[in-house]
Structures are given as C-alpha cells and as structure tokens.
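Chains as they are written, first to last, in this note's numbering: chain D, 20 to 296; chain H, 224 to 547; chain U, 16 to 337.
Derived from the structure by calculation, the hints contain no laboratory data. This one's a predicted model, so the numbers in the text were calculated from it and none came from an experiment. Beta carbons are placed, not taken as given, at the ideal position from N, Cα and C, and that holds for glycine. Among the hints, erroneous ones may be present.
Claimed, not checked - Now the in silico label distances, taken between C-beta atoms and shown as ranges:
#1 Leu43/D x Val310/H: 52 to 58 angstroms
#2 Lys242/H x Gly123/D: 46 to 52 angstroms
#3 Thr200/U x Leu509/H: 44 to 50 angstroms
#4 Ser381/H x Ile128/D: 38 to 44 angstroms
#5 Glu283/D x Glu267/H: 38 to 44 angstroms
To be verified - Covered stretches of chain D, as calculated for chain H (at least 3 residues, CB under 8 angstroms):
#6 174-188
#7 202-216
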Amino acid sequence: MVFNSITQMRRMPIFSVLFLVIFLICGIFGSSLAPLDPTDGDLSRSLIPPFQDRNYPLGTDHLGRDILSRIICGARISMIVCIMVIFFAGSIGTVLALLSGYIGGKVDIIIMRIVDTMLSIPYMMIAIALAAILRPSLFNIIILLSILGWTGYARVIRGEVLRIKDSDFVKLAKIDGCSKTRILIHHIFPNIVNTLVILATLQVGAVIIIESSLSFLGLGVPPPAPSWGGMLADSRSYISNWWLSTFPGLTIMATVLSCNLLGEWLRLQMDPQFRQK
Amino acid sequence: MSGIILEVKNLKKYFPVLKGLVFMKQIGLIKAVDDISFTINRGETFGLVGESGCGKTTTAKLILLMEKITCGEIVFDGKKIDQQSDVDLIEYKNSVKAVFQDPYSSLSPRMRVGGIIAEPMVVSKTFSHKEIRERVSTLLDLVGLHPDSNNLYPHEFSGGQRQRIAVARALALNPKLIILDEPVSALDISIRAQIINLLRDLQNKLGVTYLLIAHDLAVVKHMSKKIGVMYLGKLVEVAESKRLYRNPLHPYTQALLSAALPSHPDIRQEEIILSGEVPSPLNPPLGCRFHTRCFNAEAVCSEEEPILKEVEENHQVACHLIKI
Amino acid sequence: MGKKLLEVRDLKTHLFTRRGVIKAVDGVSFSVDKNETLGLVGESGCGKTITCLSILKLLPNPVGQIVGGKIIFDNVDLLSKSEKEMRKIRGRRISMILQDPMTSLDPLFTIGEQIAEPIRSHQNLERTNLRKKIIEMLKLVKISAPEARIKEYPFQMSGGMRQRIVGAIALSCQPDLLIADEPTTALDVTIQAQFMRLLKEIQQEFNMAMIMITHDFGIVAKVCDRVAVMYSGKIVESAGVRDLFNHPLHPYTKALMGALPKMEEDMEKLTTIDGQPPDLGHLPPGCNFAARCPEVKEICRCDSPILSEINDGHVVSCLRVQ
Chain D
20 MVFNSITQMR RMPIFSVLFL VIFLICGIFG SSLAPLDPTD GDLSRSLIPP
70 FQDRNYPLGT DHLGRDILSR IICGARISMI VCIMVIFFAG SIGTVLALLS
120 GYIGGKVDII IMRIVDTMLS IPYMMIAIAL AAILRPSLFN IIILLSILGW
170 TGYARVIRGE VLRIKDSDFV KLAKIDGCSK TRILIHHIFP NIVNTLVILA
220 TLQVGAVIII ESSLSFLGLG VPPPAPSWGG MLADSRSYIS NWWLSTFPGL
270 TIMATVLSCN LLGEWLRLQM DPQFRQK
Chain H
224 MSGIILEVKN LKKYFPVLKG LVFMKQIGLI KAVDDISFTI NRGETFGLVG
274 ESGCGKTTTA KLILLMEKIT CGEIVFDGKK IDQQSDVDLI EYKNSVKAVF
324 QDPYSSLSPR MRVGGIIAEP MVVSKTFSHK EIRERVSTLL DLVGLHPDSN
374 NLYPHEFSGG QRQRIAVARA LALNPKLIIL DEPVSALDIS IRAQIINLLR
424 DLQNKLGVTY LLIAHDLAVV KHMSKKIGVM YLGKLVEVAE SKRLYRNPLH
474 PYTQALLSAA LPSHPDIRQE EIILSGEVPS PLNPPLGCRF HTRCFNAEAV
524 CSEEEPILKE VEENHQVACH LIKI
Chain U
16 MGKKLLEVRD LKTHLFTRRG VIKAVDGVSF SVDKNETLGL VGESGCGKTI
66 TCLSILKLLP NPVGQIVGGK IIFDNVDLLS KSEKEMRKIR GRRISMILQD
116 PMTSLDPLFT IGEQIAEPIR SHQNLERTNL RKKIIEMLKL VKISAPEARI
166 KEYPFQMSGG MRQRIVGAIA LSCQPDLLIA DEPTTALDVT IQAQFMRLLK
216 EIQQEFNMAM IMITHDFGIV AKVCDRVAVM YSGKIVESAG VRDLFNHPLH
266 PYTKALMGAL PKMEEDMEKL TTIDGQPPDL GHLPPGCNFA ARCPEVKEIC
316 RCDSPILSEI NDGHVVSCLR VQ
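So that you can see chain D by itself, here it is in the shape it has in the complex (with noise of 0.2 angstroms):
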C-alpha cells in the first residue's frame, strides 16, 4: 500500500557507510597507513595511557605496542575472514537453497534436516571444538565460519525460491517450454540476489563478532599479528588500564553496528512492494 512505503522510507545511513568505508580504507591500505608499526613493541613505553603521548594517539598496551596501529592494521583480518566467509558461506548457502527450494520432494527433506541439525548445535561450541582440532589459522577460521555460515542462507533463501516458483512469471516461463537450468539461472536468481545482498551485510557483523570471540578464546589468528579479538583478549590481565579492552571493543561495536544498519536500511530500499511503486 502507499502509507507503508512512504512510512517506510528512511535516510540513508551516513554514518554506518562512512564507517565501513573507513573500515574498507584500513583492511586493504592498513600497514601503510598506520603511524607506527603494529607488532613493534617498545617495553619502556609500554601501557602509556591514551591522549597522552602525541606518538600514541590511544595509548599503547603492555608491550608497548601502538594502540591505534594495532587496531587499523587489525581491520585486515576482519575484513579478509569476512569477504571470504561470505563468499563460501553464500555460495554453498545459495545452490543449496535453489535446489532445495525449486526440486523439492527428497532433495529439500534432506537438505533442509541438514540444515535444521546445524543450527541445532550450539555454534561456540563446535567452533571451539573445530578450532581445537584444525589448529588455529587464518585459514582454518575461514573455513570454520563457511560450514557453520550457510545455514543461515539455505533457509531464508529456499523460503524466497518457494514463493517466486509461485509466481506468474515463472508459470509462463514453463508454459513458454524453458529448462529447468533456465528457470532456475534467469528468473529465480536474480529475484533472490536482493535477499543475498541483504544476508550478506547482515552476516559481516555475525562473523566479526565470532571471529573476535575465538581470538579472545585464544582460538583464532595466531599472535603476533593484530586482530581485534586478540587485543581484548590480551587486556584481560590489564582490567585496571582500561583502554586496552575499551577501544578495540568500541572498534567491534561501531563496525558491527554500521553493518547492521546498513542491512535494515537495504532490506527496506529492496523491498519488492516498495520498488515497485
């Protein structure tokens, strides 16, 4: 209807872009932008607090190390663990779902009992199993995320396949003698590509928010190398310096924010209903 739309619109979330670029800036760019380098300790210098010292803009840690350095080159991991989660994540996510949705029958009971015994299984727990046996690497984490990931997809997305399978055009589309394949590559996918993008924002902060959990548990990247979940993980003994923990967690938060606003804000701008008036 017309009032949903007009109440539906909404502004633009500048600052949640403008963030994520920023973000985006310090994952490709980071070693090079940071001021300091980011594994280089200094121990005389070490837990300067932050606003202090001109060099250490946010202070530096028990080691000396630069606070802000670290965070802007640990923007890297993230941004790597996330493009590449979602890519694998959504890929397997979204053939499955497309099979599952549009054949049907045997093929959609057995994905879908695949998928409802995933997500039956407490994540952290057979993450941190997983992480125990693969040994921790940025590699390992990667594929860690992709198989737990794609459930998530493989529902939202086989509920999509469903109803556009329904429509109209799809019907004709049958009557007009197209294939199976066709069907499935010209007019279902690109009626979910919206759902997918929309996942996929979603998912960023899921994965950062996991991907920092198990380096705080000391079960992700390996130190030295900056990541933010290790930087809370290593204040953890310095409760009473308080910018350690505080702005690398204000880092997570701020970003994993800024991606789900976004996802609200594109899940409206997409809404079929509203696209089409």
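Given the coordinates of chain D, work out where chains H and U should sit on it, guided by the hints.
For chains H and U alone, coordinates are given in the frame of chain D:
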C-alpha cells in the same frame, strides 16, 4: 473439421485429498474438473464463466499442460495431444500461450522488457539474434508500446502497460490459441477497455483464437462468440453468447445473469437470489450438482446426473427440467 | 429529501511524503442525507478512500493530514473533535466495511468475540444480553444457525460469509452512516448480489445513510441514489443517479461509462481514455483531466474549472460545459 481448433473430450481432473501424519492416506477426491467437453472454432473467442472454485482455471491449466490430465483428451488442430510424445508437444506448446490476471506477478521484475518478450523465441532456438530483435519491436508496436520500451524494466510501467507486455510475449511465436485467464479483472475501468479493445483488434488482425476465462459477465459477453457456464467442475450450459444472454435455460445461468450488475439504474431485471453457498467439491451433491441451490429442483434432480444435450442449434444444457 | 446527515465542505487532505506533498484530496465537497446512498466513483488513486478515511480521521499518521475544509456530521464539525471523542463516534455512529473479507477479520478470535468487540466498547450489556445481541446481528446478516456459528473462527467460513460477518460488526451499534469501501469486489457474482441486497434491506430497516465507494458503475446503478465521480483528488461531477446515467456531462464520466461493456447491447468498440492519471505530486496547471480529455480546448490547459450547478442537483466541474 477445419473450423475447429481445439476440442476437449470428457476432460477430468481429480485431486486426491491426503490425510495422516506419517502414513498419508487418501481420504477423498476433489473433482475440480469432472467430465467436460467443448469445442472452440478457429479465430473465435470461447468464454468460460463461473464462480470461484468452479474449475475454470483448472481447465485452463489442463489445456496448458500445467497439470496432469486424470482422464479425457485434448485434440488440437486435428491432432490428439499425447503428454508423452515430445515432438508434437513442443509444437503444441508453441501454439498455445497464456496471459494471466496479475500484470505485476506475470513479468519477472529483474528482466528487461525486451528480454521478457524475446524469451519464447530464445528458448525455441529457431530465431537468429537479428530476427528476435526485429520481432520484439514489431510486437511492441503491435500492442501499442513505444519501441524504446524494450530496454526498460517492468516496474517502470503501469498495470495496463504491463498487461500489454504480457500480451506481446504471448504473441511472440505466433500462437494459434491464447488462454486469457481473467486478463482485465485487475485493471481500472478505463485501462480495462484499452486492453479489451487491443485483444479484439489483435484477433481481427492475426486471426488468433482465445479461450477467455473471466467472472465479469459483461466482459465475457462483449468478447466471446460462444460461452460455457461452469458450476462445480461441470459444464452446465454452452451456447452462442447472444443466445445465452437472451434465452438462458439452465437455472444456474439464469441466476448468474440476473445477479449481473445493470448498466443503467432504470434496468431492473428480476433478481434470482440463490440461497446458500457453493457446496464443497470434495463431496459434491449427488445427482445434479446444482440441485441444493436450485429454485425449481424436482425429485429426479437429486437422484440422476443430467448430461449436456443439444436443445437447439448451438445451445447445449445439462438440466433434467429442459425438455427438447 | 431528508435532512443532511453528513456534509463535507472543501475538504483538503494532503499526504506529506519525502518526495513532496501529494494532494490526495483537493477541495472535495459533498453531502449525504439520511437514508440515502451516495456512490463515490473513481479509479484507483483518485482519492476516494482517503476522503473516507478523513471523515473517520483515521489517516496514516503523520503522513496524511487534513489541511482544510469542514466535515459536518449531524451538525457538529468532526475536525474539532478530539481523538477521544472521535472514538465514541467511530463504530457507533459511523462504521466502515473494507474491501477484503479475508483480512478484515482477526484469525485468532471467534466471530462471536469479534462482533462483541464494538458492542462492548460502546454499550454496557450483560453477558446474556450481549450474547442475544450477537445472535441478533448474525440473524440480521442472514447467517444460518447463528448459535453454532458464534463459536467458529473466520477460517471456517467462505468469503461471502466472512463479508457478512464484517457487515455484522460494522452494523452492531446501528450506525447512522455506513461507509462501504468496495465491499463486493472480492466476491463472486451471485454472492455479490446477495450482499448488496442485504445491505439495502438493512439500510431500510435502520434508516441508515451509506457511502458506497466503488469503481463499478454497475453497483452504482443498482444501489445508489446519488453519485459523485472523483478524478485525481477532485469531484468532477455529481448528480442523482438517473440524471447522471441519462445525461453525463463531464467528459471523464462519459468516457468511463463508454468504457464498460454492456450486457444489453452489442458494441464493436469500447471508449477508452488514453494515457494515465496525472501524478498528484506534480499537477499541471488547468484542468487535471485536460491531458486525457477527448474534448479538450485551449482554455482547459490554463484555467482550473470549478464545480457549478448546471441544473437541479447536478453539478459538474468542466469549463466546456459551463
């Protein structure tokens, strides 16, 4: 028999009703279409009217081969359509096309108009790129759209224009028969008239045959040469449209026509208000299916099922009370 | 004719959206007498629904705002009423039936509970009396075996029956004015005839006024006493129903009537109106219909016509006719 393009003989479609949590058991049959036969002449429009659930859309789906036929046969252009043999089937599918009710859901929102119209030609693989491009602009012109439209997406068009695109697509392979399933009921009045005129012009120009399914009696009357009235999966009356409107014989047709809205406040036709609602097709009444609501039902009506028989030239009725 | 029950004077309702102000209702005036049925005819987007939502002050907040005019109901201006006072009027004195019987009822409540709702909020009735009243309402809308039906849920009923339940809810407090927004578009032909006859009977019984919103001149011909034709937020013509069908004056009315296929006569071609209705956010100067009008003159493109009375009770807004 060159005049007949489509003949439907004793067509039946039963849907099994299943129940049970683990082991599904068939507990009954929904007789959506139950033993109907009719013929459509080349270049004419055959209208199928009836209320929701009477089986008119299922009939369309059966002719379009979207559902498996339970029983009966379809003879198209002198050839019996066999759902198994592939070669004939492709030819049949290329000659029978459809336009649906909702102009919003019948066009893929992610395809350009040119692509939508060209798709049947692309799939049939008998056209070159150049031929397809030329044909698309001919078709756009034929349905009254600007040739530049082919680069736009459907959401840039209004409901009426979208329905024109759907018609253009249906015409792409020069079909002999187009099934129009409520083609104008989702449109505003002034737009509705545009599409009705367009469909009639196209028929005059191209000689295409229509099977029109609609619930608006005035629209069906305006467009069709012959009309079939359906009730609960059965064809109760078939006649030339003028004859049907002047002299409806089946009590259901009479009720349907009297319920139609007048075109002028001074026209006050005698209203036959039917009591109750259409019975469930799961357990249709025995005998004549209409006898539960019929205003002059007799004993025989609840015992014996009437068959469709010719009462006068081009006028068939299925009712016990009509004597020849 | 009886005395005026509702008078809408120069009503202006605008929708304030990000894309600009949409003049959904732009200076609409009409009146409804007691026991009279007014047909409000127009195509989708012409503002007929917004007009009626304005009367009930149920516009989407904060997008829709009434920016001018008066709505006088039973000698009181509704626009001066507070929300609390309006709540006493809605459902009790002015009721509304919406188009889709499938979504008008709450699937989680029995129909008895749903009919009880407005009665409970407007009248103080004990349990037994309330039950009696509900059964009486169900009988009124001709539901068979009301005692059993009272405990049923909407999904157990067909579309026609649901619409009658919606009618029972709307009529439960015997309103003075019933606004019916395309009440039969979603129904089958014979069910539509049943429902129309029912509405007419109830109207006679309660001495109720009705506004029938529709796009179908057939419904107008069947049930309405007077008609107002709307186009892009304005009333372009209003007259008694016979007068309008015999002598339509506005080119839009004429075109709409010619666009309808008729059962009684054979027509080769239907009249069509070219083009699309104008964008209400960016109206061109002059008459709103000028761009599509078959009888357009130079003056129509620069001057806006005003509604003026041609003969008794027949008003039209067209520069050519005046």
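Hint-by-hint comparison with the structure:
1. Leu43/D x Val310/H: 52 to 58 angstroms: holds, 56 angstroms
2. Lys242/H x Gly123/D: 46 to 52 angstroms: violated, 20 angstroms
3. Thr200/U x Leu509/H: 44 to 50 angstroms: violated, 34 angstroms
4. Ser381/H x Ile128/D: 38 to 44 angstroms: holds, 42 angstroms
5. Glu283/D x Glu267/H: 38 to 44 angstroms: Violated, since glutamate 283/D and glutamate 267/H (Cβ atoms, about 55 angstroms apart) do not stay within the stated range.
6. 174-188: holds (count 3)
7. 202-216: That given contact holds, which follows from 5 residues of the stretch 202-216 of chain D lying within Cβ reach (below 8 angstroms) of chain H.
Hints 2, 3 and 5, counting from the list given before, are not met by this structure.
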